[in-house]
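Chains as they are written, first to last, in the UniProt record's numbering: chain A, 1 to 504; chain B, 1 to 504; chain C, 1 to 504; chain D, 1 to 504.
Any given hint could be a false lead.
Below 25 Å or equal to it, Euclidean Cα-Cα: the simulated BS3-like pairs (lysine-lysine) are [stated by the list, open to error]: (1) A/K368 <-> A/K388; (2) A/K68 <-> B/K316; (3) A/K316 <-> B/K234; (4) C/K474 <-> C/K316; (5) B/K234 <-> C/K234; (6) B/K85 <-> B/K144.
If you are wondering where the hints come from, they were derived from the structure by calculation, not from laboratory data.
Protein chains: 4
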Amino acid sequence: MISHPVIWAFRTSVGCWRHRSVLKAALQATEISGWRCFSSTIRVGVAGMEEILARVVAPLPTYETRDKSPPPPESNSVEFMHFYKSLSKEDKLDFLTKLSQDFGVEHKSVSELAGKLLDNQLRDLSTILQVEDRLRYSLTPRYKQLLGHISRVENGVKFLVDLRADVLEILSSKASDSPHMRDLSGTLKSLLSEWFSVGLLRLERITWQSPCEVLQKISQYEAVHPIRNWTDLKRRVGPYRRCYAFTHAAMPGEPLVVLHVALTEDISDNIQGIVREFATLDSEEDVNKVNAAVFYSISSTQAGLQGVELGNYLIKRVVRELQSEFPHMTQFSSLSPIPGFSSWLQGLLSQCRKEGRSADLLSGHEWKEVEQATDSSPGTAAVDALRKLIGTSEWMHSERLCRVLEPALMRLCAWYLYGEKRRGYALNPVANFHLQNGATMWRLNWLGDSSPRGVANSCGIMVNYRYFLKDTSKNGALYLQSKAITASEQVLGLVSQFQKNSKL
Amino acid sequence: MISHPVIWAFRTSVGCWRHRSVLKAALQATEISGWRCFSSTIRVGVAGMEEILARVVAPLPTYETRDKSPPPPESNSVEFMHFYKSLSKEDKLDFLTKLSQDFGVEHKSVSELAGKLLDNQLRDLSTILQVEDRLRYSLTPRYKQLLGHISRVENGVKFLVDLRADVLEILSSKASDSPHMRDLSGTLKSLLSEWFSVGLLRLERITWQSPCEVLQKISQYEAVHPIRNWTDLKRRVGPYRRCYAFTHAAMPGEPLVVLHVALTEDISDNIQGIVREFATLDSEEDVNKVNAAVFYSISSTQAGLQGVELGNYLIKRVVRELQSEFPHMTQFSSLSPIPGFSSWLQGLLSQCRKEGRSADLLSGHEWKEVEQATDSSPGTAAVDALRKLIGTSEWMHSERLCRVLEPALMRLCAWYLYGEKRRGYALNPVANFHLQNGATMWRLNWLGDSSPRGVANSCGIMVNYRYFLKDTSKNGALYLQSKAITASEQVLGLVSQFQKNSKL
Amino acid sequence: MISHPVIWAFRTSVGCWRHRSVLKAALQATEISGWRCFSSTIRVGVAGMEEILARVVAPLPTYETRDKSPPPPESNSVEFMHFYKSLSKEDKLDFLTKLSQDFGVEHKSVSELAGKLLDNQLRDLSTILQVEDRLRYSLTPRYKQLLGHISRVENGVKFLVDLRADVLEILSSKASDSPHMRDLSGTLKSLLSEWFSVGLLRLERITWQSPCEVLQKISQYEAVHPIRNWTDLKRRVGPYRRCYAFTHAAMPGEPLVVLHVALTEDISDNIQGIVREFATLDSEEDVNKVNAAVFYSISSTQAGLQGVELGNYLIKRVVRELQSEFPHMTQFSSLSPIPGFSSWLQGLLSQCRKEGRSADLLSGHEWKEVEQATDSSPGTAAVDALRKLIGTSEWMHSERLCRVLEPALMRLCAWYLYGEKRRGYALNPVANFHLQNGATMWRLNWLGDSSPRGVANSCGIMVNYRYFLKDTSKNGALYLQSKAITASEQVLGLVSQFQKNSKL
Amino acid sequence: MISHPVIWAFRTSVGCWRHRSVLKAALQATEISGWRCFSSTIRVGVAGMEEILARVVAPLPTYETRDKSPPPPESNSVEFMHFYKSLSKEDKLDFLTKLSQDFGVEHKSVSELAGKLLDNQLRDLSTILQVEDRLRYSLTPRYKQLLGHISRVENGVKFLVDLRADVLEILSSKASDSPHMRDLSGTLKSLLSEWFSVGLLRLERITWQSPCEVLQKISQYEAVHPIRNWTDLKRRVGPYRRCYAFTHAAMPGEPLVVLHVALTEDISDNIQGIVREFATLDSEEDVNKVNAAVFYSISSTQAGLQGVELGNYLIKRVVRELQSEFPHMTQFSSLSPIPGFSSWLQGLLSQCRKEGRSADLLSGHEWKEVEQATDSSPGTAAVDALRKLIGTSEWMHSERLCRVLEPALMRLCAWYLYGEKRRGYALNPVANFHLQNGATMWRLNWLGDSSPRGVANSCGIMVNYRYFLKDTSKNGALYLQSKAITASEQVLGLVSQFQKNSKL
């Protein structure tokens, strides 16, 4: 249910695809050259870069005159933006490397002040505070001022968001691994965090009366359950549906993070019931049939805002909004995809085959059924048959196989979500997102997404992360601090079945 | 023409009055208790303060977990806001003192990291950068996080703006002079600077169709040439007038800085022609009569945004706006008051009387005229007579005295504006503001403001600071860096007359 | 509670004043010369009028070519409007007389077709229908087309509204009594009725965020309980208050009829509690304290829309609006003034004095009390004393007189409202308005309006006309068709006391 | 360039198709059952119809009480609307027949008053006027009041527009030909004409920022040059394009008539250059390249507004709008299709073949070329060959045939547009529309529309009707009154070639 580039946009193949589509959209909107897309531009000489950087990135004023430095002419910022946009991908890398290395923090001043501070231990508090303030100031990278000036120019904030997307891609693609580049990313992130602070965001409900420009973007950005046509789009903003987005004054007409909600009688266990339900188009909402809000898609649209928390805040704002519209509503839950489950499973099968531990995955009885259904001999052959079944989604077309595989896939999936970790946190990015928000891993839904994509990615299983409002604060803190996952009995039961079977 | 609280709001009596009116307005809007105004509230025990601070101001997470700390529940911020607003003036002082002292930077961590950095001199750049980043993080005051959380709550940004206004008044009234309080002010300023960055501001043209809420505020905030009634207000947003304001998404309906412009045939030399001109109310603008834009009033409305540059950017945005509406327009100028001139003059007269240097101020011939007109004997008596004339504005009613005093007052005034300095910059705050913006001290206007207030404050003299667009960048930098004032021949001529006469 | 110009704007002195203020407002907005106000304009020759009328009022096309007549150039309409606006009051009278007489229906065609129709009695239905249609067409006044063309020009609709106001004033002031002028008024009314049909009106809630232009008009148009200043105005659109208006696409920014509502715990019996209640300004509404909606002022703003029903529809729309905002609300009532009661009473006293029937008005005991309190002898002197008391409102300052007069004034007032008629309908215009709408004459309130104006107009008495929603349809029809007034027991009791006393 | 249902929607096949698509759109929006589409509804008994009509269509009040009749409860109108919408097509016909026959004008009253009027000839003018007014009133059909009440109910105006569309289709399909039905249509038209008077319409520019709801309708309604997808739609509201619509307060979100304009350097002679020009999507408009405004599509969307002039006013308003945006623009022209030319030509060929007058159409030389190209023998066979060529659009693929046929088709087409008449006016509905507006038949464009549809309908020829602003008033009147067509030399030259050849 999430395509949160914050976390996984650059790792999985879906993420990659997604990122490109986002970039492409950004391109159409602002004509900023993307990373891999255009490299036909003539390469700029190093001398040109140095010249322009020396000219537009002014030295940091002294501490004393820091409030007396006049802003540079706006043309400075505009020149920088135009120059950068005209660069090829390779030149951008060179340019950003130069910028981050040669126009960062002046280490000499820093260490001088550090020395002073140590001396100052003996003296009065007032002096200590003053030296600390000077030290803090000296830790400002020289380029930070320029970034601030750019933010004031028309489309400047969008430029910086896209600049950070470039920096992030450089870092994640290992094109550069310099600590200076990481510093540049950090400086950009801290600036963007202030500018995109939640108090400055506007919640907008998207309806069929919203500007076409915005709806077209909503349509483009929806990667989780792609929107096929006008009718499909109209339904996603029509009766029994809500679509909300955060927008920002400095990037008008640009939804930053989008949340799709279905208003249902019970918490949905199937996505097709939401995105293919044709009857709803013209009907009027019957408030008595609205008991639950199901978040069935959330998409961040700006790769450059990775690490700037928006999705969490959006869900919370939307919950408040819905509570004021439907005071009696008490059930809030996601209906989420499980990207990566199938490939994790394939990896596991492959490993078990190698290690001959296939009994860890399926019970003897289950293997027997697989063998019969696939007409394969026990052992390696059966594992291969199973891998093929999952790789091709063929099992879906056999009622028998469905019946056989259901318990096995459900407990494997429960383990994947609950037990597989990365640095102690849930490996699955969607799970990690909702658990951070304080949701409970509530219910796995067999055949929750029977679309080819759903079957290919997660054997058709979907999961509800449920938001029990009075517990989210506590759950979120628990997860973030102790890495403990709150889960329902269904999920814990499946996990324990898995553990029993695999003797883990 | 300016009531820029940034600089003088707390010093002159006009400033004081103004500040109170602004506070009062703020009070009406947000019900936040002001500083001096309300102290009837029951004092809160120190223990209560400590308890609440300990609870809501969370410790800074470790550097490693800084991105993993969940936001505290919103109720935390709301509680802090309510508690603070309920405090009496005295309690606020205690509370802020406690907050700034006990919940600021942890000096021990800072000095440890400073020590590490000095050690690290020997090691690789990557480590240095990492330690610098940790050092930077350790210089974050503990309360900074809380301020960030408050900004996300409804009306939170406005609360912080008003909080800073309180801190500034504590500092300027010498109620406290602790370096921690200054640190708190600095932290608030840096946060507000990011949130009120120009890229996030919206330029709004205020017209008679604007919401009444906004127009009422425009009316209240206009301290320079007070608005008397609806008709007066309607005229200031009517034909041949423009009224622009910056607003901010987080403070809807609240103009932050307001600029009034008159569209004229020539640069105005008289304010009554602008604010009393009744004929314009229903007429339609004739574009051929619009050659000049005269900025006749600029007001910052938020005391808490002192030091966050808005006025300068507003003037520049408005110039662009006007150029696009009137492509042929080439003259841009302020018509500004000269607050403080009369009291400076009284001080000078008093001093000269004591030192017997009256000849420095008026020529022998001029003194003679004064003596005759006031029927006083030469020397001390004449000086006293002149002081009384100026103190009572009586000279205005005598045509003869007007004629006599004009050259003297004009050259004294030119000196006051051009020659009197504070830390090297123009003493007069309005002059300082426009000179920083890159304007030229262009023309002194005799009888520019014949209102009782104008005569009392500046002997009726007004001044135009003219914006020659191609020079403002250069002029502004020159003034800020070399403290050099760009002035016209008229002004320089008057200054040199003053110098010749007073042998300075 | 009503200043419904529809009915009484031109008869009472308040009406006159009101009309002028409305006209003045219209003048400011559209610069149309009012009736009595400006007559300095030079008189236009009769020849000029005839020339322009002949030119711009095109002949009616033949029946056959009626859909083939091209619209005249817009300049035609504009010329007519400018010409008319430039005329003096006297010239307008001449001009409208000429227009209505010489450019009306062509009687010859009408009577020819009437003849044909009588012939046609013998022939088939199809022919009859055709002749009827021709007859209908021939009854179109020639000027009607021009009026239609004018409505399409900018500000044309407003011009026609004001034109009809002029025609109405001519008729009501007996400046003309020609049947042609009445025809012109009727034609205008029928056109305006279509254009101002309720389906084309927009309900707007007026708040402090509404455009200043609109709020200023709301303030000007409120004649019932005049608005004194910004604070007063702000309160009337603030918490526990609602202000609604109908507007029309062709007259943007112009409220046509305005309804002020107070949201209260019980149906109010006193207007000062509504318009002087200072506590409400900043408080938030507590939905549990809102049980009743009290319509305390309704004003039609366009004299030219007399006879075009708007107020009735506005009340009904507002009731629906309030029901959807406060589903539990069940009490809807006006709190209305009783204009004309005092002067009716003075007339009655005068007549009784002449006819020596003073016992019809007050009982013996009551007269005795009046004599004692005023120190007057019985009979004529006591009547005179009472007349003086009422004329000067002095009785209000004596507690004793208040006590003495209350029962007498209450039963007289009940009779005035319930028993005094004009063509069978209630004489009092406000009563007539609410009774037509289907309201019940519900409660007379002693000291309901203690303002000088309230005491002078209606001895301080006010009345509630209550809207019992399920009965209004029935009541309205009953009143309009059988002239029967629905009243509460309190009112009927007072009426019967009056009848008993006066032997009516 | 026009699909003006006003005139031809029900005659040509394109019109039929168009009408249905419009109806379908209306259906989606308002759920009103269309004519042919749904007839599955159970038929309602005649008794039911009579009962409901008798109940909701109140008798006309007497002349005396006409202003005293209270409006019926709104539920009356709502019931009527629901009942009507629930009827099958056949039942609607019955119902409307009943309504128009039994609830129309009361002929007895009319003829009585007609008699009175003839008597009255002898008496005074005042009485005549009064009787005329009564007569006028008596000519009101009883159902007219109900229609007025319906217009006040939510969606009532739209209901009446669609009701009239039904009535028109009944009349045009000859399902009924009763004079009463025509009266009902006329009554509806006159009411709608008042409500949709131009002064009540709002001009809206449609852009990519307009609500999606509106843009989707624009897309659906565009029948002339169908819109294929989002990109296509975006381009039609993007740079170098303008899209305007009239909307009405009573039908929000519903464009009534839509005009598409291309901003070009010269008056376009080819439609593909406008609707397929991909380069323009993201470019910025260069004002220097905008010399001409080409109206390339105008569509009326509401069949029920036939005869209510909107298109003409829209073109004129748009011209004013464009002139204020581009003061230097002087060329205004349509680029219009010529629907019906091909089928007219086929008819002509067929007739000439029968009458052996083929020489009237093509010259001997031209026939020879046709014979050679089609390998057919002279005479009948050649005519047949030509008919086949035109019927199949095959000639377009042969360069030779194109060259051969160009002069013939051009002069035939010129004649079709200029010489073929219906009741004296141009037979071609698009020509008739623009000529009524005062445009000049300016230029025929060979290969103006090379799309399959363009070739099939009009042999690929398009025509410009040019608007010379200072002449349109005069031209329009001339055409409407004397049926004279203003045409350019090119057109007149072609016409005269045709005449010479065909000896007409």
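Hint check:
Taking the CA atoms of A/K368 and A/K388, the gap is about 16 Å. The hint holds against a cut of 25 Å. Proposed proximity of A/K68 and B/K316 is supported: the alpha carbons are some 18 Å apart, at most 25 Å. Simply put, A/K316 and B/K234 have alpha-carbon atoms about 43 Å apart, too far for the 25 Å limit, and the pair is violated. For the given pair, C/K474 sits about 15 Å from C/K316 by alpha-carbon distance, which is consistent with the 25 Å threshold.
Distance restraint check for B/K234 and C/K234: the Cα-Cα separation of roughly 18 Å lies within the 25 Å cut-off, and the hinted pair is therefore satisfied. Only pairs whose Cα atoms come within 25 Å are accepted, and B/K85 paired with B/K144 is accepted, the gap being roughly 19 Å.
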